[in-house]
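Q: Starting from the known structure of chain F, arrange chain H on it as the hints suggest.
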Amino acid sequence: MFETLEWLPRIIGALVLVGLAIGVSRWQKAGIEQDMLVAVGRAFVQLIAIGYALDFIFSRQGPFWSLLVVGVMVSVAGYTAGQRGKYVPRSKIIATVSVTVGTALTLGLLIVLNVFPFEPRFTIPIAGMIVGNAMTATGLAMNRLRDDLKLQKAQIETALALGATQRQAANQQMRRALTTGMTPIVDKTKTVGLISLPGAMTGMILAGASPLEAVQLQIIVMYMLVGAVAFSGLTATFLTYRQFFTQAHQLMVSALSDEALI
Amino acid sequence: MMTPKIEIKNLNLTFGNNKQILFDVSLDIAAGQITSLIGPSGSGKSTLLRCLNRLWEPPESAIFLDSTDITTLDVLALRRQVGMLFQSAALFEGTVADNVAYGPGLYGQKLSAGQIAELLEMAGLPADAAQKPAGELSGGQAQRVALARALANQPQVLLLDEPTSALDPTATRHVEETVLRLRDTLGLTVVWVSHAIEQVERTADKLVLLVDGNIVESGDPDHLLSGAHHHLAGDFARGKLGSD
Chain F
1 MFETLEWLPR
11 IIGALVLVGL
21 AIGVSRWQKA
31 GIEQDMLVAV
41 GRAFVQLIAI
51 GYALDFIFSR
61 QGPFWSLLVV
71 GVMVSVAGYT
81 AGQRGKYVPR
91 SKIIATVSVT
101 VGTALTLGLL
111 IVLNVFPFEP
121 RFTIPIAGMI
131 VGNAMTATGL
141 AMNRLRDDLK
151 LQKAQIETAL
161 ALGATQRQAA
171 NQQMRRALTT
181 GMTPIVDKTK
191 TVGLISLPGA
201 MTGMILAGAS
211 PLEAVQLQII
221 VMYMLVGAVA
231 FSGLTATFLT
241 YRQFFTQAHQ
251 LMVSALSDEA
261 LI
Chain H
1001 MMTPKIEIKN
1011 LNLTFGNNKQ
1021 ILFDVSLDIA
1031 AGQITSLIGP
1041 SGSGKSTLLR
1051 CLNRLWEPPE
1061 SAIFLDSTDI
1071 TTLDVLALRR
1081 QVGMLFQSAA
1091 LFEGTVADNV
1101 AYGPGLYGQK
1111 LSAGQIAELL
1121 EMAGLPADAA
1131 QKPAGELSGG
1141 QAQRVALARA
1151 LANQPQVLLL
1161 DEPTSALDPT
1171 ATRHVEETVL
1181 RLRDTLGLTV
1191 VWVSHAIEQV
1201 ERTADKLVLL
1211 VDGNIVESGD
1221 PDHLLSGAHH
1231 HLAGDFARGK
1241 LGSD
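If you're matching them up, the sequences are chains F and H in order. Just so you know, the first sequence maps onto residues 1 to 262 in the working numbering. Just so you know, the second sequence maps onto residues 1001 to 1244 in the working numbering.
Excised from the complex, chain F in its bound form (with noise of 0.2 Å):
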């Protein structure tokens, strides 16, 4: 099986570079040699069983092994991002069905207009980008909207006595939680190419595509991941907030506590 590790003179070549960085440590007496020799073998053992994962799933046929490693990405992905809205009701499960929602839905439309073949190869990466990025958007978009709204409390309980319902009570809030979701994609969207060389493209370029091909792929990312942060987003934002209210459109002061509720 050792065979298909042929780049593995080159790794030891590159550890030339983790040895240096050991010795600049010792010189400047840093003391993190110990945690960058942790950190080289996590990062070796890591990967390379990644990889055989991989290659294992790769060349099986079917769409099971696919969805299930997407089910495991979506998990972590809702597991992570309710662990940051935990302040939220039931954080977890509205973090993981928003999550589902984004990444479905971009994925399934990217494979019914054929952008990509149905394939372990294709739509592993991808829904990686997509749930890492939908992860992000649907944290960031409940702990905005869960402190907003316990931060203008007055604001939407004088909405509600003037008579609005809960959701008309909380929109600008919601408004600013979706914002504040899809901010970072946009931002990057912005910027592409001017900045950074994305991750999609960098790696066709390594892997000896031409720049052109390159940047064709990294657009069709870019957007689909703008589809992916929006469709969570919005999500996350309508389960959080019904949350906080009850069903006669009065604000559950209780659930705004700080005390984590899970």
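These aren't lab readings, by the way, just hints derived from the structure by calculation. Note that CB positions come from ideal geometry on N, CA and C, so glycine has one too. Any given hint might turn out to be false.
[As the list claims (entries may be wrong)] Now the stretches of chain H that chain F is said to cover, found in silico as 3 or more residues with beta-carbon under 8 Å:
| no. | region |
| --- | --- |
| 1 | 1047 to 1058 |
| 2 | 1070 to 1081 |
| 3 | 1099 to 1109 |
| 4 | 1114 to 1122 |
A: Showing chain H alone in chain F's frame:
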């Protein structure tokens, strides 16, 4: 005797699982009168007020508006009939006119410039205030805009949760005079949580003293402030009660 505008019957209110806030509160609130609600901090005055427009959900068959159990009413319609002012006026972004038009706008009704001017005037503001940005107003002006905004829903009842506690004496007097005028011209029923003895003397038709979630005194303000049985009524008369 006329049927009361609002009838509170044996209202018990508990927060969460354990903490009881209101104990068997019964009270008739007469139409077209100002009922002042006083009591020490944490006595449940604001909570009682919030039950009346269901910002807190009261139990069934405890509060009646024109003899109808308010928990059976459409809550949004109830809140248009029972307006509320808070301690500090939370104005929305935009102009004074945007704020005044907010309530009717919620169900697709647009107010004309003339209607907005009229509402501002009712609240004691000049008509040309309409185009001012809401963020540039003083506390007293903001509270009067909040009053005009509440009046835009054409309420029959107004709940006032210490709306003058952050205002200077002149602005306070101005709000008091406006509310008295609205009682006389529109026949508004007002429930006013207050902590200032002078304010109660100037405005109240009826006075209710709430202590630890119980009504301990209620009746004619002159009588209560001079010879009430409960020692807190005497304290209040001497200006000893703090605000929430």
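Q: Now, for every hint given, state plainly whether the structure supports it.
A: Here is how each hint holds up against the structure:
1. Counting residues of the region 1047 to 1058 of chain H whose CB falls under 8 Å from any CB of chain F gives 5; the rule of at least 3 is met.
2. A stretch counts as covered by a chain when three or more of its residues have a beta carbon under 8 Å from one of that chain; for the region 1070 to 1081 of chain H and chain F the count is 5, and the coverage holds.
3. Taking a C-beta to C-beta cut-off of 8 Å, the region 1099 to 1109 of chain H contributes 4 residues in contact with chain F, enough for the three needed, and the coverage statement holds.
4. Interface restraint, the region 1114 to 1122 of chain H with chain F: violated (0 residues with C-beta to C-beta distance below 8 Å; minimum three).
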